[in-house]
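One letter stands for each residue in the lines below.
There are 2 protein chains.
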Amino acid sequence: MSENKRNLEVNVDLAKERLKCNFSIKEVTNIFDGGEEKTIERKKIEDIALNNGGWRDDIPEECMAPKEKYENAIRKSCIYSNIVKDKIITLDGIESLGLNSPALRRTADAFFKDMSPFLLHMGMFVPTIMGQCTPEQQMRWLPKALNLQIIGTYAQTELGHGTFIRGLETTATYDPETEEFVLHSPTLTSYKWWGGGLGKTVNHCIVVAQLYTKGECHGVHTFVVQIRDLETHMPLPGIKVGDIGPKMGFNTVDNGFLGFNEYRIPRDNMMMKNAQVLKDGTYVKVTRHGKLTYGTMVFVRVMLVSEVAFNLAKAVTIAVRYSAVRRQCERKPGDPEPQILDYITQQHKLFICIATAHALQLTSDWLWRSFSAVLAKMKTGNTDTLPEFHALSSCLKAISTSDSAAYIEQCRLACGGHGYMMSSNLPFLYSFVTATRTYEGDYTVLLLQTARKLSTCVASIRRRVDSGMSFEDAWEHSGVQLVQAAEAHCRAVICEIYYKEIVRLTASSSPNVKIVLNQLTSLYLMHWALERTGDLLRYSSVSEVDLVALQQKYEELLLLIRPNAVGLVDAFDLRDEILNSTLGSYDGQVYERLMAEALKSPLNEEPVNQSFHKYVKPLMHGKL
Amino acid sequence: MSENKRNLEVNVDLAKERLKCNFSIKEVTNIFDGGEEKTIERKKIEDIALNNGGWRDDIPEECMAPKEKYENAIRKSCIYSNIVKDKIITLDGIESLGLNSPALRRTADAFFKDMSPFLLHMGMFVPTIMGQCTPEQQMRWLPKALNLQIIGTYAQTELGHGTFIRGLETTATYDPETEEFVLHSPTLTSYKWWGGGLGKTVNHCIVVAQLYTKGECHGVHTFVVQIRDLETHMPLPGIKVGDIGPKMGFNTVDNGFLGFNEYRIPRDNMMMKNAQVLKDGTYVKVTRHGKLTYGTMVFVRVMLVSEVAFNLAKAVTIAVRYSAVRRQCERKPGDPEPQILDYITQQHKLFICIATAHALQLTSDWLWRSFSAVLAKMKTGNTDTLPEFHALSSCLKAISTSDSAAYIEQCRLACGGHGYMMSSNLPFLYSFVTATRTYEGDYTVLLLQTARKLSTCVASIRRRVDSGMSFEDAWEHSGVQLVQAAEAHCRAVICEIYYKEIVRLTASSSPNVKIVLNQLTSLYLMHWALERTGDLLRYSSVSEVDLVALQQKYEELLLLIRPNAVGLVDAFDLRDEILNSTLGSYDGQVYERLMAEALKSPLNEEPVNQSFHKYVKPLMHGKL
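Chains as they are written, first to last, in the working numbering: chain E, 1 to 624; chain A, 1 to 624.
Treat each hint with caution, since some may be false.
Since copy identity is lost for identical chains, a pair holds within one copy or between any two.
Stated by the list, open to error - Straight-line distance between alpha carbons at most 30 Å, and here's what the computed DSSO-like set of lysine-lysine pairs gives:
1. K26 / K349
2. K44 / K623
3. K38 / K85
4. K614 / K600
5. K85 / K332
6. K514 / K500
7. K600 / K240
8. K87 / K617
9. K85 / K43
10. K144 / K279
11. K332 / K349
12. K20 / K514
13. K553 / K453
14. K273 / K85
15. K214 / K332
In short, the hints are calculated from the structure, not lab data.
Okay, chain E solo, but in the shape it has when bound (with noise of 0.2 Å):
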């Protein structure tokens, strides 16, 4: 315990694990990064945001209160805007950083471990401005917004309405006399709920609301409203808005709750690109495409995708470390105890997280450069294969968070009781990449829309129809194979993706890297073929002797896997400050870690806490 505070050695069994590792660390991580120079470009920030020390919290995270918690990540937001700003984006010859940099993912999970109050600010605010405002608004909101005079986030989800945006009851209605919207919350049901950084952080905010316009109701549109004043930060008149409590993480943002009572704010507020109101009242449509105003959605579907990925590579990081390093049981009496990394159940629970973090950020990568082509065509008005590429974006989107969910928790419990240990970061990863599951579309909901996509299932709803039910009752009552056969979709999808992706990017890779990369690529194969041996039977020509093969080969390539794997997760390139765990650090030092993080909380600053003479003592001599 006196070790805590100096340079740790690397865990000589970690340290056999890297000699034994066959293939170049460094290539395959070039090849995740997309090319050499965009990993020396990623370490350049890595090192400008990380190596000034400003992400260092006084006491851990996970001692403190919400309020604290908040109060701290406020703290950082300011300090990491500041770095971005001056150090970052002025960078010479370094490509401009979009939003889903994974440059900057890295750092900002490095510097803030959970998130960021501004978060939805660049995320949602900002980009919502450029996608559904006219140039003369942007010039409006735009400036201030990039150079942070104004802080906002985005509203829609209410109390009562998620999944259906049709049914939010907010209301937006025009008022010629004052060439003024009115907003108004109706009901209880009808509050804001959810917004990032709304509670307590920002002073302007995107509303979707229900636009009414001379007696008629014309559907939800989008508004910028100002809900703080900018000096003294009070909610102004009109607006009710504070924080929605504790959550199952994101706890250091203030997601918050918003009403409006008969607020106004001027019709130029209204976002115009695709639909105005014109000061006399009237409504006109600018576009013909309706389905444009999804573009946000789709572009937060398809971060996603690669965030989840990210946050599984850092979960099973953690577990193929720890389990180098963790020794437990005998298989043979007398026998030194065997690293958990050799048993084979624990093979079997951790490779195929690494092969799927692969697949994932690939099939993340393909879709953005999808995604891509699909925003290009939409600037010259062809927006054909939007409601394809957004059926794709919706099934991806579910099953990369269901997925990268289950397997970090999965991770978690393979490091037993020290998983449970906030310290190790397992928890918080779930506990925050769980929450993908469910925003920006319901992992359900989402694999219905796929399924409308599909007709696989035709014959067994058109059996339900011809009995005499209606399409849509025969669909409900599909619902549970629906879900199930675009699940199948999806994951077809990804397979087919992640193949070729990984032939065509080891095309000129060296030997050792092209075996190890389309091992993985085999076990993610074999492993979905092992885990629906029900359909493979039912619907395909696999047999049950092709089965006893498959799952005998499964077996033998984890253990051509296991002496790489090791390699493998260090070739994600996770810093320490990004894993943020007592289990996964490079030097694998897992045990003085756990000890000396223990020795920080804030219990034990004290011999004696104030409880025991007040309440214990009492108790013992029956005097309480």
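Chain E is already provided as a structure; the job is to place chain A on it using the hints.
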């Protein structure tokens, strides 16, 4: 929002659901309580414990820092201990309350929301003294322990060893000169880790250590060790003790670490029922049955099965009630938004949870009766059935904790975004129950133990042995399939017990109770058949045609159960204090409660948080 404080009426949709219910809720409650008298007794105890208000927190516990949570839990533990001691165990006409008393579990859950730091005192310290001490030793410690004059816990797991008890490193070396044992922690990894209440609360501790005497190691034995001064509560010289820091759950409990520096205890602090060290250092085994020391472990596992079943009942009560209140989407344009409980995908997610809560509770009751029989036999020296029972309790513990955690999470996800709110209580229930998958025997390890008892995989293993592998290696390489086989075996056991117990318990029930409970049993059997279609096609005579019919039957069952869904969860008879959920309360006033709870967030105490003036405003003005 002005209605937050007044007594809320029952939500109209929920009231309608209760009118739809066609069976006697009270009758079902009585069945699962074990008879009408048991229900009356339980409600009486709930009234005594919960009507006093001592369980109330000043601010919601999830708004506190871990240290405050701990101090608050100590306050409540002391109040609760007094209530139990003075008002509950003294009740006239009440059967003695065992440690597995459902009434005490319910009231404790309502009282603590999370856990009491005293939990392991009554849960492990006292039972281990009862089980492993001589009568003289029991006289020495039991009266004080039962009277809370000393408070203890159980310290077995170390930083470096959990599963493999033989690998524990803490030593207890007998010194015949002074007739003392010298406890020592030779390495960092030998520090005790996890003991509940160990960090700050307890003054005594049962320590599991390697016993050395006359230069020989006799394996792990248990010792009663005082670690803190009874008056000052200061750790005694030679003791290093503290809190291990925040965890995924159990944050009201000070799980602790403990290290010894040549710490001396009297010889007769060794628990001497099963083995003794004489004054001169001679080691004497008193019983031939080394397995007897596993008694406490089996006892805890049996308790855990009912514990997780109970928590699953809470989760599904919350999710079903919320699903009856929540309305979302349109099926046909213009139709009113349906209750989400009307979606077959939602029924598919939730009804299996009701069935599983029943199945596990009945299995646990059955297990409890069987275990009592084993204990009775053990008293006569007959331990023949202990190994078999140990194996069975292992796999039932593994499957029930794993299924319960997965289904609780399914309930949470079925509640969409609101399920992510801490105030729903669903995140807490998950973090609490998922821990049970790991402690007192890891899922995979326990199933591998079960597999050793099974012969179904013999052919698989034999192939490997025949090809020249050692048995140990063949066993290891077959790990993945062995776990699957053990899981299948255990599911078959649960299905059988569930089915038989329902037949037995509903023999004299009214017709509709019989029908609905049998529908759930059928649902459970069909659900698992459909989850394992691959196994059925490969290893049984079930055909593809059968599976199509089964799927259809399953979907029909969901529709049949639908009108009784709210009645079924009402029958768990869980008071609002026990559910502790904005989404699950009996009145279904979901949105009012969500808002009322949000307003309690300390961030809402002031309109502008201090961090605005300190950081955000300077940032906005470019002056940070």
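Evaluation of the provided hints:
Taking the shortest alpha-carbon separations for K26 and K349, only the intra-copy value of 25 Å comes in at or below 30 Å, while the best inter-copy value is 45 Å. Taking the shortest Cα distances, K44 and K623 sit within 30 Å of each other only across copies (26 Å), while inside one copy they are farther apart (64 Å). With identical chains, the CA atoms of K38 and K85 are at most 30 Å apart within one copy only, with a shortest distance of 20 Å there and 67 Å across copies. In this assembly of identical chains, the alpha carbons of K614 and K600 lie at most 30 Å apart whether taken from the same copy (24 Å) or from different copies (26 Å).
In this homomeric assembly, K85 and K332 never come within 30 Å of each other (Cα to Cα): the closest approach is 60 Å inside a single copy and 50 Å across copies. Taking the shortest alpha-carbon separations for K514 and K500, only the intra-copy value of 13 Å comes in at or below 30 Å, while the best inter-copy value is 56 Å. Proximity of K600 and K240 under a CA criterion of 30 Å is satisfied inter-copy only: 15 Å between copies versus 39 Å inside one chain copy. In the homo-oligomer, the alpha carbons of K87 and K617 lie at most 30 Å apart only across protomers (21 Å), although the nearest pairing inside one protomer, at 57 Å, exceeds that limit.
Within a single copy, K85 and K43 get their C-alpha atoms as close as 18 Å, which meets the 30 Å cut-off; across copies the closest is 62 Å, which misses it. For the homomeric pair K144 and K279, the shortest alpha-carbon distance inside one copy (26 Å) is at most 30 Å, but the shortest distance between copies (83 Å) is not. For the homomeric pair K332 and K349, the shortest alpha-carbon distance inside one copy (23 Å) is at most 30 Å, but the shortest distance between copies (44 Å) is not. For the identical chains of this complex, K20 and K514 are intra-copy neighbours only, at 17 Å inside a copy versus 63 Å across copies, given an alpha-carbon limit of 30 Å.
Taking the shortest alpha-carbon separations for K553 and K453, only the inter-copy value of 27 Å comes in at or below 30 Å, while the best intra-copy value is 35 Å. Proximity of K273 to K85 under the C-alpha cut-off of 30 Å is restricted to the intra-copy arrangement: shortest distance 29 Å within a copy versus 70 Å between copies. Taking the shortest Cα distances, K214 and K332 sit within 30 Å of each other only across copies (27 Å), while inside one copy they are farther apart (83 Å).
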